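Chemist: Sequence:
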Amino acid sequence: MKAIQLNNPEDPRSLALVETDTPKLRDGEVLVKVHAAGVNRGDLLQARGHYPPPPGASDIIGLECSGVIEDPGTTGRTIGEEVACLLAGGGYAEYVAVPEGQLMPIPEGYSLTEAASVVEAACTVWSNLGMLAGVQEGQTVLIHGGAGGIGTFAIQLCKQLGATVAVTAGSAEKLETCRELGADILINYREQDFSEELKGRCDVILDIIGAKYLRQNLRSLAADGQLIIIGLQGGVKTEINLGALLPRRLSVRGTTLRARSLAGKAEVVASTVEHVWPMLSDARITHHIHATLPLADAAKAHDLLDSGAVTGKIVLEV
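Per the UniProt record's numbering, the very first residue in the sequence shown carries number 1; after that it's consecutive.
Calculated from the structure, these hints are not laboratory results. Keep in mind that the hints are not guaranteed to be accurate.
Said to hold, decoys possible - Here are the computed lysine-lysine pairs in the DSS-like style, where the Cα-Cα straight-line distance is at most 27 angstroms: (1) K199 with K159; (2) K237 with K199; (3) K24 with K2; (4) K212 with K199; (5) K300 with K2; (6) K2 with K33; (7) K300 with K33; (8) K212 with K237.
It should be emphasised that the depicted structure is a prediction, and the values quoted were computed from it without experimental measurement.
Please model the entire structure based on the sequences and the hints provided.
Modeler: This is the structure:
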């Protein structure tokens, strides 16, 4: 098969379409002929050597895809069945082996390309804001990077859960996108200190920045507030006064989806299909695709995502 591989470990943009072996199936896996693969920040990190796949996973980049089952293996699934897939790796390829528990139906009314754009975001957002934080009606949720793939999905989900949504973004254009998706409080992080605007008001914060924002995030939380850190774009180390947590009973939680066990991922996938897929099917939540590129242009897709100009998701079509 053809797949994207890194030709030069010193150059994260040396992504080329090359011939490689088609994956061999393990028990409980299906072989999917890939139609499209979503592009994520984790893909950029892997290309830079900072986000290796878990042991036993494909070293090919790609955390989500859609396609058609080519070989059901031992699962009893149907050849030709259209599926969306949550992956530990392998999406930037013509074929990928997927554990059955990480297969999802195509949302009603969605094309395969559209489906590939929502898997990672839906599973990440629901597992953190729905399953972990338990966002409820009347709460205030702050979403950093509101115009990105995770952010655009999280805004819509939180509005469906009845929350007030605050977002940070770096331009008026991106904030307008957030407003159109339902965000209530718009903060330009280049011009405003979000912790001044939101001091003590946030019940839940979904954070992709990490160390750089930690003090401000804690300042923004209300009593019993939860800070959920899912990304470290702003660094991994900082110093805080732990005394700030105790009086307001604050929680700081770090999570990742890729490193979870097969059972853990299957639980997230099943819950996402149960709770979120109906919102996609009836358009209460919509996909937001910024650009679609051919698989061979993976390097261009990474350049585009890294530029900061992207609103929503980039999808590679095979």
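Chemist: Under the constraints set out in the numbered hints, which ones does this structure not fulfil?
Modeler: none
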